[in-house]
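Novice: Each chain, letter by letter, is given below.
Number of protein chains: 2
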Amino acid sequence: MITELKLLDLNAGKFIDEKVSEITDAVGDGIAINALSGGVDSSVVTMLGHRALGKKLRTVFIQNGLMREGEPDMVAGMFRKLGVEIEIIDARSEFLDALKGITDPEMKREAITQTFYKKVFGRIVRESRANYLLQGTILTDVDETVAGIKRQHNVFAQLGIDPQETFGYQIIEPLIQLRKDSVRAVGKALGLPEEIFARIPFPGPALASRIIGEVTEEKLTVVRKATSVVEKLLCESDAFQYMAILHDDRVTGMREGKRDFGRQIEVRCWNSIDARTATPTKLPFEMLEKLAGDIINEVPGVVSVTYNITSKPPSTIEAV
Amino acid sequence: MITELKLLDLNAGKFIDEKVSEITDAVGDGIAINALSGGVDSSVVTMLGHRALGKKLRTVFIQNGLMREGEPDMVAGMFRKLGVEIEIIDARSEFLDALKGITDPEMKREAITQTFYKKVFGRIVRESRANYLLQGTILTDVDETVAGIKRQHNVFAQLGIDPQETFGYQIIEPLIQLRKDSVRAVGKALGLPEEIFARIPFPGPALASRIIGEVTEEKLTVVRKATSVVEKLLCESDAFQYMAILHDDRVTGMREGKRDFGRQIEVRCWNSIDARTATPTKLPFEMLEKLAGDIINEVPGVVSVTYNITSKPPSTIEAV
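Line by line, the protein sequences give chains A and B.
First residue of the first sequence: 1, per our numbering; consecutive thereafter.
First residue of the second sequence: 1, per our numbering; consecutive thereafter.
Please note: incorrect hints may appear among the correct ones.
Identical copies look the same in the list; a pair holds intra-copy or inter-copy alike.
Below, simulated SDA-like cross-link-like pairs (lysine to any residue); rule was C-alpha separation at most 20 Å, straight line [as the list claims (entries may be wrong)]: (1) K258 with D104; (2) K225 with P314; (3) K258 with E106; (4) K290 with E22; (5) K100 with S237; (6) K119 with A26; (7) K119 with I102; (8) K258 with E110; (9) K282 with E218; (10) K219 with D249; (11) K100 with I16; (12) K282 with G293; (13) K19 with A185; (14) K119 with I317; (15) K219 with D248; (16) K100 with D249; (17) K232 with N297; (18) K188 with I89.
Note that these hints are calculated values from the structure, not bench results.
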């Protein structure tokens, strides 16, 4: 049982000092590695690791082809400004090959997990001779994995997998007692720029979580464009998280006066403190119309846009 | 080219007198038949035909299994109060059999059309020895068929089909110059109760238009329940049309703390004058939440509800 460290009880400065010295002690003369996704959790872990280990930490950003527009360069650029060098690894074809023909959500997550850990990141770790892996697991991931809601890809221990035996390295999870709100507070205290510590959450399986049915390059292009539109319009909304989901279902629409059996994008925008529960943001109707109009105009093939109006539970934050 | 008779230029009393005498003259000593769906168009045609022909008109309501909750009895009951006897024909298994395995929207519509005309209604017409068929085709149906947007099932002439040769009867279309607003005005002038003449439009393929993918009895039950919830909550909204659409895509949700790979219902609520163009109704967010909550609670298996925020065009009113 992990004890929650609530935002109210959190002294971010003290927390950082403790975690930095824990990481320093744990790694000792070893080498650590971590994968940065650009989300707030892995960004905070990267900074904690960098403070503790400096050049003894190698941080890689795996370009899995499931990322948002311009993401790898944007993230690496921001960290470079903070004095942290990020290595970008191009693994797009490996992920796309692994996802081919898979429609079941659990199998998609599993394919991404296996490709990430066993294939791409596993190979990098083995070649790096690192013996410690820093991971951005937070308490909500643990809860949801235990409850069987989603199989989070980064919670080996909870799944009864021995990472030492399976992957050949030990895992350090400095954020395991925190929920999202506390992680943001720590990020702020670490001096991360607002673009990072206040970044909306983004799931491990990235855009694959936002494609219903098989993940293909063509569908990734569509959902990536729709995501750009949604993030651009909602970045000032104060919402907890917002996203575009590409449906597999086709719906009837019209283009130039002719029938067009087209695609549908579902927009979700959540109010939430910690992702455990969430409600749809009461966006002004003008914003909903702007979202629909811009997506229709900017994303080829889309004839229909919906807004999700369900709470979590029974919905989940992501669709897949 | 059909000349439009606009609401502004419509004298409903005069229109009714003209159409009644046209129908009387056309049918002469013959027998006419018509199919009543319960929508405003076929209801108005039934009343015009009844006035013109009395017992020489036979009106059937074909229960195709794709109807809304309690629909056949409700419609027949309302007409009985107006002195018009409606015959209910149970053809549920014929329609379900015809729809089996079909996922393409055009093929679904075609299966329903063929089952309706060639099989069920064709058989009834032949057995009845009627030689005239009254049809509720309106100008919007003609436009959309010509434009190739949707293949309306009731516009044979526009599709180059000779109904005399193909089905053995002649078609009388008294509403062909009108759009929906004028049809309502005529319905009102005919003394139809508000429940009928002000009824929201309902498509020919009925709930099959609101199921993405294959139409099955189980999916009909789900979409029928969701439709009841939506119609109950939105009947006072002044919207032009509102509906529940059952998606084929499954989305991740939670029930009793466990993952539940469930169904999604899409709600559409349209503002429109004549269905040619339409915009989503700006429902208060409290109503959107109520819709989502009631659907989740009352319709088994649903974990997610969306609201369509696209205009027509490029959307269409119905999803299929």
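Novice: If a hint holds in the structure, say so; if it doesn't, say that too.
Specialist: Checked hints:
no., hint, result
1, K258 with D104, "between (34 Å within a copy, 17 Å between copies)"
2, K225 with P314, "between (28 Å within a copy, 18 Å between copies)"
3, K258 with E106, "between (38 Å within a copy, 14 Å between copies)"
4, K290 with E22, "neither (48 Å within a copy, 49 Å between copies)"
5, K100 with S237, "neither (36 Å within a copy, 46 Å between copies)"
6, K119 with A26, "neither (26 Å within a copy, 78 Å between copies)"
7, K119 with I102, "within (18 Å within a copy, 41 Å between copies)"
8, K258 with E110, "between (41 Å within a copy, 18 Å between copies)"
9, K282 with E218, "neither (32 Å within a copy, 33 Å between copies)"
10, K219 with D249, "both (12 Å within a copy, 15 Å between copies)"
11, K100 with I16, "neither (42 Å within a copy, 62 Å between copies)"
12, K282 with G293, "both (18 Å within a copy, 15 Å between copies)"
13, K19 with A185, "within (14 Å within a copy, 75 Å between copies)"
14, K119 with I317, "neither (28 Å within a copy, 47 Å between copies)"
15, K219 with D248, "both (9 Å within a copy, 18 Å between copies)"
16, K100 with D249, "both (18 Å within a copy, 18 Å between copies)"
17, K232 with N297, "within (15 Å within a copy, 34 Å between copies)"
18, K188 with I89, "neither (27 Å within a copy, 70 Å between copies)"
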